[in-house]
Structures are given as structure tokens and as C-alpha cells.
Amino acid sequence: MTAIITAILVIAGIGALAALALAIADKYLAVQEDPRIGLATAALPGANCGGCGFAGCADYARALVEGTAAPGACAPGGDAVNAELAKILGVAATATEKRVALVKCCGTRSEAIRVGDYNGICDCSAAAATAGGDKGCRFGCLGYGACANVCPKHAISITDGLAVVDKRLCIGCGKCVSVCPRKLIELVPASATIHVLCNNPVRGPEVTKVCGVGCIGCHLCEKNAGGKEANHFTFNGFLAKVNYENPPTDATLADKCPRKCIREDAHFETGN
Amino acid sequence: MKTVNSAFKFHGGVHPQYNKDLAASKPIEAMPLPQQLVISMSQHLGAPAKCLVKKGDAVVKGQLIGERNGFISVPVHAPVAGTVAAVEQRMGPAGGWADAVILDVAEDQSAAPAFLPPLDWKSASREDLLARVNDAGICGMGGAGFPSAVKLNPPPDKHCEYLILNGAECEPYLTSDYRTMLERADRIRAGVEIMRKILNGPAVRIAVEANKPDAIKALEKAFADIEGNVEIVVLPVLYPQGSEKHQIYATVKRIVPEGALPIAVGCVVENVGTVAAIADAVEKGIPLTERVTTVSGDGVVEPKNVLAPIGTRYADLVAFCGGEKDGVRKVISGGPMMGFNVPHLEIATTKTTSGLLFFTSAKVFQYTSNACINCGRCVRACPMQLNPAFICSAVESNDIAAAQKMDVMDCIECGACSFGCPAYRDITQNCRRAKASIRAAAAAAKAKAAAAAK
Amino acid sequence: MCAVMRYLIIIVGAVLVNNFVLNRFLGCCPFLGVSKKTETALGMSGAVVFVMTVASAVTWCLDHWLLDPLGLGYIHTLAFILVIASLVQFIDIAMKRFVPPLHAALGIFLPLITTNCAVLGVAELNCKNGTPFLESVLFSFAAALGFGFALVIFSGLREKLAWADPPRCFRGIAVALVTAGLLSLAFMGFNGLVKLPY
Amino acid sequence: MKPKDTSEHYILSSSPHAHADASTSRIMLDVIIALLPALCCGVYFFGLRALFLTGTCIAACLVTEGLCRLAMKRNNTIGDFSAVVTGLLLALNLPPDLPVWMAALGGVFAMGVCKQLFGGLGYNPFNPALAARAFLLISFTGPMTTWTKSAWTLSAGNVEATTTATPLALIKKGAEGFDWSQAALIKDLFIGNVNGCIGEVSALALLIGAAYLLWRKVITWHIPVAFIGTVFLYAMFKGGVPPLVHVLSGGCVIGACFMATDYVTSPITANGKLIFGCGCGLITMLIRTAPTGAYPEGVSFSILIMNALTPLINRFTQPKPFGKVKK
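Protein sequences, first through last, are from chains Z, S, A and C. Taken in order, the first sequence gives residues 13 to 284; the numbers are from this note's numbering. Taken in order, the second sequence gives residues 424 to 877; the numbers are from this note's numbering. Taken in order, the third sequence gives residues 457 to 654; the numbers are from this note's numbering. Taken in order, the fourth sequence gives residues 29 to 355; the numbers are from this note's numbering.
To be clear, the hints were calculated from the coordinates, so they are not data collected in a lab. Everything numeric in this text was worked out from a predicted model, so none of it was measured. All C-beta atoms, glycine included, are put in the ideal place defined by N, C-alpha and C. Incorrect hints may appear among the rest.
As the list claims (entries may be wrong) - The calculated lysine-lysine pairs, modelled on DSS-like cross-linking and capped at a C-alpha distance of 27 Å, are:
#1 Lys-871(S) to Lys-195(Z)
#2 Lys-352(C) to Lys-869(S)
#3 Lys-348(C) to Lys-828(S)
#4 Lys-676(S) to Lys-352(C)
#5 Lys-432(S) to Lys-352(C)
#6 Lys-221(Z) to Lys-478(S)
#7 Lys-195(Z) to Lys-877(S)
#8 Lys-348(C) to Lys-432(S)
#9 Lys-195(Z) to Lys-858(S)
#10 Lys-245(C) to Lys-432(S)
#11 Lys-869(S) to Lys-195(Z)
#12 Lys-493(A) to Lys-348(C)
#13 Lys-352(C) to Lys-581(S)
#14 Lys-195(Z) to Lys-473(S)
#15 Lys-493(A) to Lys-165(Z)
As the list claims (entries may be wrong) - Computed list of chain C residues with no C-beta within reach of chain Z, every gap over 12 Å:
#16 Ala-99
#17 Met-100
#18 Tyr-240
#19 Tyr-291
#20 Asn-299
#21 Lys-348
#22 Val-353
The shape of chain Z in the complex, shown without the other chains (with noise of 0.2 Å):
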């Protein structure tokens, strides 16, 4: 009977001594943390995909509550966890509407001309690099993948020789907007579904000398689409482009595009 109670003495005594120790310690070393940095980043989604331009949630989050950066960068979180975050740090927050990339190309190896052979790395900006590009239309999409190898998402795969998005796997983080060189990806809303696949605004004749689905700026699709005044396509050079504040909705203006180089919905279904 005495061991066991000389057994219970000692071993709570070391729990007190340590005990006491510990308290101790928190008192005269602890750091102090803005407690919002934590709860900031259990409200962020944890995918560390970098598309706010941090390196990680946390970091995002540190960031946050430093002031060094605002509420509406995380694209995978969208509006609900802007939100959040925005109450956190209190904060009027600023609404997003979710964005998808879009590879403006629709050039794949069968409707594109290459003028050369490729012997290197499978890499987009090198091949850009070697002789600008082995693909005839010096704007088109390379096909090499780059695009695809930074997506955290694996929403982008390479389909004869160009990069296509996967609309419900995109999280419109732009990663590959930033990587891609012939810069043909952009984030659009995701509700749009009349999409322009071409990014080359040089004149006719010289798109349909490397491509056969190129752009040649013959303005169709805009008297398609109820003429200048409707606002739903803008022209670069000779290069149309849908204006996503007000993006056209006709699914026929695909059909009717005579180069087909406007695509509804663009290789995706839609996204949720």
C-alpha cells in the first residue's frame, strides 16, 4: 500500500515540478501571435496552389493579417471563403465571380501547320525559344505543355498538339496564364460560353497560310451577334474577341463563324 502511494507522490510530483516549469516558461518566453493568422488560414482551402501569388495558404494568410495583402486572391475559394476571410479581418469584402483559363487556340496539329522539326526539351518557352517556335502561326498555342506540367489541378491536357482546359477541374488560379510564352491563356468567367480560339491579329492571308481555323477578323460574328452596338465582340488588329462584361450567348454564332475559330462553350462542359 505505501508503494503505491510513495508510487503516486513522486510521479505527481515530477508532473508538478515540470508542471510548474512549463508555466513558467509560457509566461516569460512565449511569442505572441495574431490569433487571425491561424483562423485566417483554416479558412482558406489548403490547396498551397500558389494562385494568390503567395507561396502556400499560410503564407497567404500571414500576409492577410500583416495588411500586405487583400481579401479576393483565392480563386479556388471563390466568394464564400473571400468572405470569410474578410469578417476575419473585418473587412467589406469584395465579390469574385469564378474565372477559368482558356487557351485561345483551337490550331491543333491537323489544322496548323508546323514549319519545322522540334528536337529538344518538351518544354513550351524552349521551344519558343529555339527559332521562334516550330508551329507555322508564331501566336498559336506550342503544344509543348507547359501550361499543364504547373496546373495543381491537372486540369490541362495536351490533345494533338495544343493545351486544353478542363473547365470543372480549372480553379482559375493563373498559373498557366503566367507560364505559357505566346501569353494565349486568359481567365475567363466561367459562365461565358461563346469563346474566340484564336490569338493571332495579323491580317487574313497570312493566318491562312500557317492555320486553317485562324482569326481573320472578317467581323461576321459581330453583325452575327446583333452589330457593333450589341458590345459583345472587340476587335484587336484583325483578331476578334469576346468582350466577357457582356458575352454573347447565341450558340449559332459558332456554326456561322466561317473559319471556325469560334467555339461555344470551348472543349469543356460546363462548369459548375
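Chain Z is fixed; fit chains S, A and C onto it per the hints.
Showing chains S, A and C alone in chain Z's frame:
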């Protein structure tokens, strides 16, 4: 004046097959004028020149058609008389697109050329000479195309102690500098005297690789009675002996610090062809509008050293050399170690086009890369003493930060690593990729900082 | 045998011959967890060296001066865990205050030293062998050094493996475990290199 | 409609457009050629069974490599001869009387576990042949240390004795009163007329092979010289058995010239190679001369341990760039 052997060997280097005999014995030959020239506004390092002509304008030989646009930039002149057919974007040899003047060459070339007034270098002031080098549109003709006027005008706190003439021509196949040294040694001498005056009398070192004894002899003859500290330095045959930093080490044993220009160690390096061009620009007032280009390789009927106006399309150039043989698989603008592949022959020569090589499948190696076996050949070959194997592996794993830590930015892209790689890895291309990515990131960071400052 | 020689043998024995990770298979959790980067591995090694040395000294005193006189040898495991756990907590707090970058790098693995069987293992071994105080501390120090040595070597290997291209199913921890096995195989060469005094 | 492509395309690739006459398979072939003299000596001293064992190892390696690549759905890499080199090196490091199935198992382990599991040639952290040898040694200590058939004669004083032990085993045992410095013994060791693994016995044949590799610039002098030099110096300062005996016996020469110089698992820079070689020599001698050590020979373990240290050595022996300014 004396001839000495280089006593300083830099680390690494490789020995490619030189194959210079294809064109070495062919004297420089001026080619008849082609029907059309494509004169790029971006033939040099730095900002492209600003185009001064428009469609329909008639120009005469030597007329200024592109003006200097910024500090590091050079003007462009019309090589022949003709009419401007268009000003449009064209692809240059390196794959970049820039404005180019498409010039329909006039049949009648009798119109008086618009050359600059000749200068007597002995009586002209240093500033006048420098202005002339600038106005004549002279840039380094060895490959990089650095504006010569900038090079010859060091900042006031720097003094040029050595003027080094680069006659190494370490790239295989190329013989344009060799022929220039052989046939135009007197022009090189005149250029040296002018440059010496501009640079306030530095010592002169003429660096020539040992495999060009004829050129050394010709230079010795031309420079026999020159006064002052002038030496011909015979370099051992080793690629990349023509690299600026390594040539400085091999001739005067000075090491250019990373990220610095040769003037940091009191040196100015200029290609021999450029020196001859400077002589012409000063003494005869002729701007830089033509150059010697070696057309060679096993895919060309008759290899030649061609004196062609700048802007000659490659198709015209090769036609003058008997055309290309059947089965050409690769066309290289420049030398095989550092030159650029071109996809078609519509591309035109620039002030830096030292060679145009055509290779048939017998000389072309097509490859698939295998895993690095860590053999260390690239480490032994790298003249910059980097670790190309590890840099390449890091870049392939998208670890650009690791590559940067291993000093990839010091890489001179000479290709010595890829040349000897038994696994046929794209080491040089990966280094290039890492450098481009680091530069882009730095530019983006700068832009972001600038935006934040606003 | 002179004392210096004896200490040398203890050190060589604990670092190379009976390496805690590669021979006794203690402390495998941090060995696999904190070996992705050499910098972190070095930090972890330092932390373990410190914790193990201090812990063994404290536990030795506890064992010899408190538990043994009271005849409570049978609860020493319990007591050791208690002491080690609070010690690690203390170091955690101190490190957060004084070397925050290292604290951030070690992350979850610093509290995990609490459950690092190597720390408890060395205390148990000392207790079982009845080693004198100085040798206990030295042995613990050397054992921790051995742990750190193995950890740093392994982190180097894993940094190299990050560039490798193993089959999909073996990526990550699987290939790391195979590497650890091969490393252990290599260390078997030291078998019997020195005869430990106990 | 797709526009018409212009004629045949040129190849577009990044510079350099020239390449030296070098390839992985050529290097491996050189190593195989360099190992042939040692193999011939092995066959001469131990009979045709040695050849059979070697064939088994090579076949096991090739089959395993092929099957692994197939299972991984990757390109077949048998053509680069690296599997042959591993098989050959493994066989040369086995006792001639080892059961054939054990040798085959070693080959499977080398290729499957030590190489392809990491992704194939270039990614393995440990030398596959040595790891397999260590694996066999640990698993089948008896057969791996039994030397029955080929006996060698040595003379101690005036007594001629025949032994089935290897020279290193004798050293470990501390053969009393034995004259280690006699010329006949050195000669036997040099020619290979002693007991040991198939390929390690003849220092002469191995040195011929090493000379070939040096001439072909497949290996550099750093690792062999540092390795053998360290063994020599250590033995010299230790006293007792003459250093030359230590260098010539066991796997020292084959290890220094062929195993430690394996590209993949050794440091890439010259300084790193020197450190690596010294480390190998030091650990070898530690294991060999420890009176209580479990193994008479330490070459394979020493190289394996240094293989493990290679990434760290690489880390600390990075070359300094030309013109690098100290920060």
C-alpha cells in the same frame, strides 16, 4: 611588335571537329546584288533602331534608314540603292520578330552613295572618331552584336589598359574572320590605330588560335612596323577560346568578375572583322552595310566566304554558293556550337551573321535524352566552372531556385557541356531555360515593385 | 583500458556500429519525416542531440537518486516519459522564442521528439545497463550524434531522390524506405568494429 | 481546312548542333572491355564454373532489367549495357563456388531493388552490384565466405602450407609467424594465384583494365589513387602486414578502379572524388584491421557507405564559377 604563345589556360573547354578546310581556302567573294533585301532594325544587342523610311521611299546606298534608339543601340543604313517595298515584322535568325525594311534593289546602282565624309584619324579628335563609330552603325560582328561605340567609350572611372582583338574564331566551319585577317590585315591595322586613339593608347593584344598560321603571318607582316605595345598572342586550339571572358584570361590573365563587362578589368575586346569595319567607317566613311559570311557545311554545293550586303536572304546567299544539296536537314545561322537553327531560308543576314551552315542527315544528330549518369564530363568541360549536370537536373525538376543557387546565371551558353554529354541531355537548353525564367521572374518582380511604388 | 579509449569506443560504437536508426531502428518517425531537406535535418539533429543529452542526464538523476532509493524502479518508464515530454515542450517554447525560423522548419516534428523512441530508448538503455553518470550522458550524446549523422546522410540521399524518376507506385515515402534499408545494409559493414563495454 | 505544308521541314533544335563521339552505351562497353582481363584470369584460376556464374549473373540482370522496364511501361534500356556491367561486376565479386541460384538472386536484387526501383540508370543512390553483394553476404554468410576448390600454397618459414582461406582472412586471424613480405607471396597476389572472388584476385589484370579506362578517359585518376593511396598509407602507419599486401589482396584494386569509380554513385567534381576515395580507403582499413570486426574485407561496405555520403560530398564540393565574386 612580337608574337607570343598564350601561357594561361582556362578550365575546361572541348575539341570539336573543326572542318574549316571546307571554306578556309576560298577567298572572300562579293556576291551580285539580290533582287530584294530584308534589313532588320534589330541587328544588335539592345534596343532596335527606329525606322526612318516608309513604303515607297527611294533610298540610296549608305542612307540612314534606322536611327539609334537609346544608349545601347546602333543605327542601320541602306546597303544599296532601291525602293522600300514594305516595313513589316520579320523573323530574325535568333527567332525573334522585329520591324524590317523590305528593300527592292534598284537595277541602276549608279546613284551617288550617301557615305559619311572620310576622316583622317591622326588629326581627328577622339570624340569625332567615337561619333563616327556610332554613326556608321558598327556593332560587334562576332555574334553578340554589342554596340562598338559603347564599348569604346568606357565610363570615366575606368581606363582601358588592353585592347584585345578577337581573331580566335573557335567555332567549327567558320572562316570569315580567318579570311578577313588574311586578306584585310592592313584594314585591321588601320582599325587598331584608330581604336588605340579612341581608347587613349592601350596595349594591343591580337588573339589568334594556333590553327591559323597563315593569318598570324599576314598579321605579323601588316603590323611589323607598328609602334607601341602590340603583341600577337597565339592561343591553343580549344573551344570556347573566342569567349570574351576566356580570351581575356588566355591573353592577359585577368578574370572578369561575374556580371561585369571586360572594362571592369581594363580590357576591351573587339572582333577583327569589326576592327576592319571601323577602319572603313573612319577612313572611307562607309557605314557597316556588308559583311563576310561563311557559307559552308556538307549540304552546300560550293562552300564560300561571301561578302554580301546586310539583309541578304539566306536563299539568295546559298543560291550564290551553288544551292543546297538534297537532303539538308538542318540550317544553322552562325557556328555549330552557338548558332541558331532557322526553319526556312526567308530569313536574312544581319551585322552578326558570321556563317550559314547546311548539314545533311549525315552530319545532323537527332537524339533522345537519357538520364544523367553523373559522369562529370560537363563539369570538366564547362569553361565557367559550373556544375551543368546538376543545374540541368534541377531545371528538369522545375527547381529553378536550385539552379540559380548553382550560379546558372554565369552560364555563357557555349554548349561545351551538351557537346560531350554521353546521355545526349539538353544541358545548354536547360540552362538557357533557367536563365530566361530567372530573368522573367526578376523583371516581373521589378514591375511589381514599380507598380507598388506608384 | 584507459578512460579516453573507453569513451572513444562508446562514441564510435553508438555512432557507427550500433547506430540508433540504422541498427537499433529507433527514431524512425523523424528519420523519415524530417529528412527531405538537409537544412531541416541538421536542425532536427541539433534538437535531438540537445534533448537526448539533457534527457538522459535528468533521467539518470531521477533514476538513481529518486526512484532507486524508493524502490520504484518498476515505474521508471512512466517517470521518464513525463520528464521527457515536459522537457521537449520547454525546448519547443524556447526555440519558438529564440530561433523562430528553425522552429518553423521543424514544424510538427519538434513536438514529435516527445514520442521519439530514441530519447526514451537511450534512457532505458542507460537504466538497464546501469551505466555511470558520465558515460550515460556521453553515450546519449553519441547516440544522438549517430541519429543526426544518419539523418543528415539520409537527407542528402533524399534530396538526390527528389530529382529521380521512380515508378509511380514507389514515389515518395516508399522509395525513401527502400533507401533507408539499403543504407542500413551499408552500415552493417561496421558490425563488430568495436566491442562495446556493455 | 489545313493549309498546305511547305516541303520537308528542317530540324529545329537548340545549340550546340555538334556532338562529341560519346554515348552511355559506349562508356558501358568500355567498362566491359576493361573487365575482360579480370574475367579471363578468374576463369583461368577457378575454372569454367566462374564463367558460368558470370553468365548467370549477367543474364539475371538483363532479364530483371527488361521485366522491370516492361512493368514500368518505359523504354527498354538493355541496349545501354549498364545491366551487363552490373551483372559482370557482381559476378566478379562473388566466390567462384557460390550456388548458382544465389548469384541469380543477387542479379535480381541489384537490378530490381537497387536500380530500377529508383527509376533506372542514373538515379540509383547505391552501386547496384555492391549492394547486391552486401545483400548476399548478409543473407548467405556461409557460402559467401567459403573458398573450397582453389587452394593456394604459402610458405611460412620453411613449412609449406596449403590453405583455403583468403589472404585477408588470414590477416584477420593473425597468421602467427607468417612472413608477409616474401616476394613469392607478393607475386602470387599480383598475378592472382590466391583465393578470393572471381574477379578480384588478379591485380595485374585489373590494372590493365584500369589503364584502358584511363586511356579511354572513362574514369579519372582521382578515386583509384585516393582510395589505394589511403589504404597504403594507413597500412604503412599501422605497421605489421606490409602495405602492398593490403593493397593487392581482397577487393581493393577492383573496388578502387571499377566499383568506386561508378559514375552514378560517386561525386561529380575532382575534389569530391578525392574525398570519396580517401573515405573509401579509410573505412576499408577500419573494417579490415578492427580486431573484433565481423568481416575480414571492407571494400564493398566502405564504398556503399561513401555512396550514401556522395550527395553531401557533392553539396560541399561544388565548383566555384570562373569570375565568381565572394559575397
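The hints, checked one at a time:
A threshold of 27 Å between alpha carbons decides the hint, and for Lys-871(S) with Lys-195(Z) the separation of about 18 Å falls inside it, so the pair holds. Between Lys-352(C) and Lys-869(S) the alpha-carbon distance is near 24 Å, which keeps this suggested pair within the 27 Å criterion. With a CA separation close to 12 Å, the supplied pair Lys-348(C) and Lys-828(S) stays within the 27 Å bound. With a CA separation close to 15 Å, the supplied pair Lys-676(S) and Lys-352(C) stays within the 27 Å bound.
In summary, the hint linking Lys-432(S) to Lys-352(C) is supported, as the alpha carbons are separated by about 17 Å, within the 27 Å threshold. Restraint check for Lys-221(Z) and Lys-478(S): the C-alpha separation of about 23 Å stays at or below 27 Å, so the hint holds. Straight-line distance between C-alpha atoms of Lys-195(Z) and Lys-877(S) comes to about 25 Å, which keeps the hinted pair within the 27 Å bound. Distance hint between Lys-348(C) and Lys-432(S) is fulfilled; the C-alpha atoms sit about 17 Å from each other, no more than 27 Å.
Among the hinted pairs, Lys-195(Z) with Lys-858(S) is consistent with the structure: their alpha-carbon atoms are about 19 Å apart, no more than 27 Å. Using a Cα cut-off of 27 Å, the hinted pair Lys-245(C) and Lys-432(S) holds, with the two alpha carbons roughly 20 Å apart. Note on Lys-869(S) and Lys-195(Z): the hinted pairing holds, with a Cα-Cα distance of about 19 Å set against a maximum of 27 Å. This hinted pair checks out: Lys-493(A) and Lys-348(C) have alpha carbons roughly 23 Å apart, not beyond 27 Å.
Annotation: proposed proximity of Lys-352(C) to Lys-581(S) holds, straight-line Cα distance about 20 Å (limit 27 Å). Of the supplied pair hints, the one linking Lys-195(Z) and Lys-473(S) holds, its CA atoms being roughly 26 Å apart against a limit of 27 Å. Among the hinted pairs, Lys-493(A) with Lys-165(Z) is consistent with the structure: their alpha-carbon atoms are about 25 Å apart, no more than 27 Å. Remark: the non-interface label on Ala-99(C) is consistent with the geometry, its nearest Cβ contact in chain Z lying 24 Å away (cut-off 12 Å).
In this structure Met-100(C) is separated from chain Z by more than 12 Å, as the shortest Cβ-Cβ distance comes to about 19 Å. Distance to chain Z confirms Tyr-240(C) as a non-interface residue, since its nearest Cβ pair spans about 34 Å, more than 12 Å. Remark: the non-interface label on Tyr-291(C) is consistent with the geometry, its nearest Cβ contact in chain Z lying 23 Å away (cut-off 12 Å). With a cut of 12 Å on Cβ distances, Asn-299(C) stays outside the contact zone with chain Z, its closest approach being about 30 Å.
Residue placement check: Lys-348(C) keeps its beta carbon more than 12 Å from all beta carbons of chain Z (closest about 28 Å). No beta-carbon of chain Z comes within 12 Å of the beta-carbon of Val-353(C); the shortest separation is about 28 Å.
Every hint from the earlier list agrees with this structure, and none is contradicted.
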